[in-house]
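Chain order of the listed sequences is A and B.
Quick note on numbering that gives the first Met the number 0: the first sequence kicks off at 0 and runs consecutively.
Quick note on numbering that gives the first Met the number 0: the second sequence kicks off at 0 and runs consecutively.
Derived from the structure by calculation, the hints contain no laboratory data.
Each residue gets a CB set at the ideal place from its N, CA and C atoms; glycine is no exception.
A hint or two may mislead.
[Said to hold, decoys possible] In silico DSS-like pairs for lysine-lysine, Cα to Cα no more than 25 Å straight-line:
{"hint": "1", "chain 1": "B", "residue 1": "171", "chain 2": "A", "residue 2": "56"}
{"hint": "2", "chain 1": "B", "residue 1": "149", "chain 2": "A", "residue 2": "12"}
{"hint": "3", "chain 1": "A", "residue 1": "75", "chain 2": "A", "residue 2": "12"}
[What the hints assert, rightly or not] One-sided and incomplete, this derived list gives chain A residues near chain B with beta-carbon spacing under 8 Å:
{"hint": "4", "residue": "14"}
{"hint": "5", "residue": "15"}
{"hint": "6", "residue": "26"}
{"hint": "7", "residue": "47"}
{"hint": "8", "residue": "54"}
{"hint": "9", "residue": "55"}
{"hint": "10", "residue": "68"}
{"hint": "11", "residue": "72"}
[Claimed, not checked] Ranges of calculated distance between the beta carbons of each label pair, as one might list FRET restraints:
{"hint": "12", "chain 1": "B", "residue 1": "59", "chain 2": "A", "residue 2": "108", "range": "15 to 25 Å"}
{"hint": "13", "chain 1": "A", "residue 1": "95", "chain 2": "B", "residue 2": "173", "range": "39 to 49 Å"}
{"hint": "14", "chain 1": "A", "residue 1": "108", "chain 2": "B", "residue 2": "1", "range": "44 to 54 Å"}
{"hint": "15", "chain 1": "B", "residue 1": "30", "chain 2": "A", "residue 2": "115", "range": "46 to 56 Å"}
{"hint": "16", "chain 1": "A", "residue 1": "117", "chain 2": "B", "residue 2": "27", "range": "38 to 48 Å"}
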Amino acid sequence: MAKLTIADLKKIKEEYHANQQLREGGFTAKITVHMGTCGIAAGARGIMDAILDELNKSGRKDVAITTSGCAGLCSKEPMLTIERTGEAPVKYIALTPDKARKIFTEHVMGGNAVKEYALVVGHETTY
Amino acid sequence: MEDLSLHILDIAENAIRAEATRIEIILTKDDGHDLLTLEIRDNGKGMDSETLARIRDPFFTTKQKKTGLGIPLLAQTAEQTGGRVEIESAPGKGTVVTATFGWCHVDRPQLGDVASTVVTLIAGHGADVDILYEEQTGSGLHRIDTADLKRELESVPITDPAVLDAVRETLKTEFTLMNEVPSNVMR
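Build out the structure end to end from the sequences listed, making use of the hints.
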């Protein structure tokens, strides 16, 4: 694509509405990529790129993506937290893009936490 | 930070933590003065004069931790290229961070993957925060503003993967600073 035009946006809009009947009502999972200074310096943006790529390939529209600040565990960055509806959040540490892809496939899509990359089960707290 | 696009992401994330609903990222290349200026404006809650006075101290932070490295790292990067960082802010008035860099200076990091930075900001917070990214160079002005995109997209979320892909592709192909190499650098 040479330039983002109104025609491009209209096409996206038409395709979105064409697929809308397949969508579920709300989000069933939330992925939080820790994007404090420590996380960014450790590679958090690459984790976000990998997650967005996997989300795009999955075609899922019920997964929310967001970022948060420093969680106070700077030496464990890059980190992300997965929350699935009705389940406890899981915080993952020392990630690489490949590890993030595996977490997306096995935990977000499959419902099985990837224990070898997980730090703790617990709520998100950032500073 | 490996490159300037990571500094941009870091400062913009600060703006999001400061409850901004609009963030403007403006890069200006001034060939006559051999300068690259980065300006990041937000309409967040701003800072009082006491906070502003201590913002360059790496052991000062407003959060429940011990360090605040974002601005000190940006200032170090700017100053090592002969540039500087200036910050204007007031409670309720938002914040403007302006960093200048010597464009051809050997210690200036590359701009880096600014497309990933902008897409990360939109993916994480685009629903609630409008992002403007603008480049002003000798070859003209390029800008992308999610407020404009949202008007055209109507009920389609700005965070939809198809929109994010289109934004990323546009930034990679239409915006030139990412790929520019100073004239004194051997290719």
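Tested hints:
{"no.": "1", "hint": "171/B / 56/A", "result": "holds, 20 Å"}
{"no.": "2", "hint": "149/B / 12/A", "result": "holds, 11 Å"}
{"no.": "3", "hint": "75/A / 12/A", "result": "violated, 40 Å"}
{"no.": "4", "hint": "14", "result": "holds, 7 Å"}
{"no.": "5", "hint": "15", "result": "holds, 4 Å"}
{"no.": "6", "hint": "26", "result": "violated, 11 Å"}
{"no.": "7", "hint": "47", "result": "holds, 5 Å"}
{"no.": "8", "hint": "54", "result": "holds, 6 Å"}
{"no.": "9", "hint": "55", "result": "holds, 4 Å"}
{"no.": "10", "hint": "68", "result": "holds, 5 Å"}
{"no.": "11", "hint": "72", "result": "violated, 10 Å"}
{"no.": "12", "hint": "59/B / 108/A: 15 to 25 Å", "result": "violated, 42 Å"}
{"no.": "13", "hint": "95/A / 173/B: 39 to 49 Å", "result": "violated, 31 Å"}
{"no.": "14", "hint": "108/A / 1/B: 44 to 54 Å", "result": "violated, 31 Å"}
{"no.": "15", "hint": "30/B / 115/A: 46 to 56 Å", "result": "holds, 52 Å"}
{"no.": "16", "hint": "117/A / 27/B: 38 to 48 Å", "result": "holds, 45 Å"}
The structure fails hints 3, 6, 11, 12, 13 and 14 (numbered hints given earlier, in ascending order).
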